[in-house]
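Asks: With the hints as extra help, turn the sequences into a complete structure.
One-letter residues, chain by chain:
Protein chains: 2
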Amino acid sequence: MNQNTQEFFFGPSHRKVEIGDFITLCKNSEITLTSGAKISNFPVAYKTFGKLNEHKTNAILVCHALTGDQYLLGEHPVTGKPGWWEEYVGPDKPIDTNKFCVIVPNVLGGCMGSYGPKNINPKTNKPYNLDFPVITISDMVKVQHILIEALGIKKLASVMGGSMGGMQVLEWISKYPENVNSSIVMAASAKHSAQNIAFNEIGRQAVMADPDWCGGNYIAEGKYPSKGLSIARMMAHITYLSEAGLQRKFGRKLQNKSELSYGFDADFQVESYLRHQGMSFVERFDPNSYLYITRAMDYFDLAEDFGGSLALAFERTKCPVCVVSFTSDWLFTTEDSKQVVRALSASSSDVSFVEIVSDKGHDSFLLPDESLAKTISGFLSKLEL
Amino acid sequence: MNQNTQEFFFGPSHRKVEIGDFITLCKNSEITLTSGAKISNFPVAYKTFGKLNEHKTNAILVCHALTGDQYLLGEHPVTGKPGWWEEYVGPDKPIDTNKFCVIVPNVLGGCMGSYGPKNINPKTNKPYNLDFPVITISDMVKVQHILIEALGIKKLASVMGGSMGGMQVLEWISKYPENVNSSIVMAASAKHSAQNIAFNEIGRQAVMADPDWCGGNYIAEGKYPSKGLSIARMMAHITYLSEAGLQRKFGRKLQNKSELSYGFDADFQVESYLRHQGMSFVERFDPNSYLYITRAMDYFDLAEDFGGSLALAFERTKCPVCVVSFTSDWLFTTEDSKQVVRALSASSSDVSFVEIVSDKGHDSFLLPDESLAKTISGFLSKLEL
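These protein sequence lines map, in sequence, to chains A and B. Oh and the first sequence: position 59 is 71 in this note's numbering, straight run, nothing missing. Oh and the second sequence: position 191 is 203 in this note's numbering, straight run, nothing missing.
If you're looking for bench data, these hints aren't it; they were derived computationally from the structure. Treat the numbers as computed from the prediction; the structure is a model and nothing was measured. Worth double-checking, as some hints may not be accurate.
Note that the list lumps identical chains together, so a pair holds whenever it fits in one copy or between two copies.
[Claimed, not checked] Using 25 Å as the maximum straight-line C-alpha spacing, the simulated DSS-like pairs for lysine-lysine come out as follows: (1) 350 / 265; (2) 269 / 50; (3) 261 / 350; (4) 50 / 138.
Replies: Laid out in structure tokens, this is it:
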């Protein structure tokens, strides 16, 4: 099914990296995005782990978070680091690739091979940049639905994801219930809160304030908004951790020194940790993709399409839904998850809810956690393929 | 006692604004800052409200927060807006200026007339900029102590402040207990947490990443890091509010439109609110002062000077201390206040603690709140002058 490889520019040095396989969708058709823009003949990059069975009933779609991608397992082609969910996926892992075929597409608007602002606009022969249409979570899922159809899968054994991935799961079970057999929603919300919109907005402002952003045309200009993107990432990174976790990990510990420097270099470990997070992010993520994907999150409000009723959004949902929250997650709180649970209950869905005690904040779903592992494996063990 | 007026540059247009009265301290002496740097012959700007009585026993020192200043009441010379604590200070207000003489100095390192990076370095005849020494909360209070001595006040009726102002109050009752008759500490902490250091660090990075910061020499270069300072302020502003408050005030309301724009302009009210906050801050605050004062907050750890024991820090404290926290303040939490209360109790101090229910977050101490008004007036009513 995969046809080709793509090359993309990455990081301040504009090095070209081979992204791997992709499929071209809507070759002879087009789809209309939420904004009204139409797209056709576009690539979606994805990876699969495990084998699809004969009747194609064992596929699990994993939806990635804001800065995730299809490299859930194995070496990342840009960073060389292991996959982002090695802890939970693989042979004999909670999501057992001996049993399931895990499919992970890069989201629409992403920078790892799926159709996004870095793709070449055939009209200008240059990257789309800000001419790329603004996308929504609904658009991302629409494209995933077309991908699943193209792969010949009628019903997914499960759809799961955390954070923005969880938003996509909610969209799946609301809009395409007939194609989903079960679902796991982790550390997510049915709508982005004012505080989360605010954080995203400042991240975008930081990127766009960098003169090297060049109105989005940094590739053509041979520049790169490293500082702006790094600041956006540093700020977002704080929101992914918890106050208690930061305190436990860093507290007021100094970085390779025994005394304060009385200057503006990084004195505290937490400062140099964040600077490192910012700098390494810049090497692997596209600044314009960051704008588009954060915007998609801000726009997400599932109930909005159903007259403001989240219960109505789940009226057609019949599959089991497992909702997971983490006690120290202040970006997508337990209360956010409970709103989803209440709406699913009101729509007579089969919903279970697990609040996991953790001081690791929003990032908990990416980190080793025995309770999460047991929740996922227990939930999947009940599935009949 | 006041001698003169000063003029300072403000904002992107570098307009000159008259700051008002100041006093020159340490004319024939010098003081050593925490960093080891020595300063002498430096200005401290301050304002007083109410009359000092004959025996100078009715003075209340109010310590301002990070971006506050001496304009607690009355029109601000830069913004033209009312003072930042009009709600609580004035004739017949909780801090009654018929009874008390309220003294408010601009902190060392500030940009409203006190000695700071905008002052002229006599060696170069140019602003100090980054040649200004790095300062601490302890240094700010040391200067205030000299000011109070210069005003002939032996014992302050009270010292009070919120946020960074509260840090200064803690420093006062620890280091100069013989000069303090009572104190109120609001929305503060005895040390800056890893999360708070992290937010400050990103704010500084945003300022310094702006090419118009010019390594701190923007005044001489005729430039101004508006974008960087604005981003720093927008981010900090989120931390001053609560998630619930933001949700109540803005939620997902759109700004002057009925539909999403599918672009990167401000669609949501919370976005345009933050942009406005960022832009108006740029007009009134000095970017280098922002670096120095946030650094002073990061460095604050009162127990550190006492072998890590906060109780030891308060060993000489004998005056009544009223500690106030706000339920929705996540920057300086109730738990932070309780640590102060526990240490004061352990050192046999006369401490009272009030946790006020509010959804207005850290900024609560600046906003109208009946409980806070009653707490302050009740506490002050017990004072014998």
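Asks: Each hint: holds or not?
Replies: Going down the list of hints, with the structure as the test:
| no. | hint | verdict |
| --- | --- | --- |
| 1 | 350 / 265 | between (37 Å within a copy, 22 Å between copies) |
| 2 | 269 / 50 | between (56 Å within a copy, 24 Å between copies) |
| 3 | 261 / 350 | between (29 Å within a copy, 22 Å between copies) |
| 4 | 50 / 138 | within (19 Å within a copy, 58 Å between copies) |
Of the numbered hints listed earlier, not one is contradicted by the structure.
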